[in-house]
Amino acid sequence: MRNILTKLGIEPVNPGGFCCEWIGGGEKLDSISPIDGKTIASVKQATTDEYRRIADRAHLAFTKWRNIPAPVR
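Here my numbering is used: position 72 in the sequence shown is 72, and no number is missing along the way.
Just so you know, these hints were derived from the structure itself, not from any lab. There could be a bad hint or two in this list.
Claimed, not checked - Label-pair distances were calculated between CB atoms; the ranges are:
no., residue 1, residue 2, range
1, Val13, Asn67, 36 to 42 Å
2, Leu29, Ile4, 19 to 25 Å
3, Phe62, Lys38, 39 to 45 Å
4, Tyr51, Thr6, 25 to 31 Å
5, Arg2, Trp65, 34 to 40 Å
6, Met1, Phe62, 36 to 42 Å
7, Glu11, Asp56, 25 to 31 Å
8, Asp30, Lys7, 16 to 22 Å
9, Ile68, Ile35, 44 to 50 Å
10, Arg52, Thr6, 29 to 35 Å
11, Thr48, Ile4, 32 to 38 Å
12, Arg57, Gly9, 43 to 49 Å
13, Thr48, Cys20, 16 to 22 Å
14, Arg66, Pro12, 35 to 41 Å
What the hints assert, rightly or not - Here are the simulated lysine-lysine pairs, DSS-like style, with alpha carbons at most 30 Å apart:
no., residue 1, residue 2
15, Lys38, Lys64
16, Lys38, Lys7
17, Lys28, Lys38
18, Lys44, Lys28
19, Lys7, Lys64
Cβ coordinates follow ideal geometry from the N, Cα and C atoms, glycine included.
Please model the complete structure; the sequences and the hints are all you need to start from.
What follows is the structure, encoded as structure tokens:
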């Protein structure tokens, strides 16, 4: 399983938020295999401040993107 995850770019611990770069300074969330109960990989969740950065960036992108006509998008 580790070989497949490595090929996909999945590390043992991965940042869970994206704001022009991967971020995740919050709590770690483990993904557990139902087959053997072992941890598959973990995600570092975004903190409240990181989430605000992500939401603000998404809002800024939306305000620009909404002005582009659909045929051009």
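The hints, checked one at a time:
no. : hint                      : verdict
1   : Val13 x Asn67: 36 to 42 Å : 39 Å, holds
2   : Leu29 x Ile4: 19 to 25 Å  : 20 Å, holds
3   : Phe62 x Lys38: 39 to 45 Å : 40 Å, holds
4   : Tyr51 x Thr6: 25 to 31 Å  : 28 Å, holds
5   : Arg2 x Trp65: 34 to 40 Å  : 38 Å, holds
6   : Met1 x Phe62: 36 to 42 Å  : 38 Å, holds
7   : Glu11 x Asp56: 25 to 31 Å : 27 Å, holds
8   : Asp30 x Lys7: 16 to 22 Å  : 21 Å, holds
9   : Ile68 x Ile35: 44 to 50 Å : 46 Å, holds
10  : Arg52 x Thr6: 29 to 35 Å  : 33 Å, holds
11  : Thr48 x Ile4: 32 to 38 Å  : 33 Å, holds
12  : Arg57 x Gly9: 43 to 49 Å  : 22 Å, violated
13  : Thr48 x Cys20: 16 to 22 Å : 19 Å, holds
14  : Arg66 x Pro12: 35 to 41 Å : 39 Å, holds
15  : Lys38 x Lys64             : 44 Å, violated
16  : Lys38 x Lys7              : 20 Å, holds
17  : Lys28 x Lys38             : 15 Å, holds
18  : Lys44 x Lys28             : 4 Å, holds
19  : Lys7 x Lys64              : 35 Å, violated
In summary, the structure is inconsistent with hints 12, 15 and 19 from the numbered list given earlier, while agreeing with the others.
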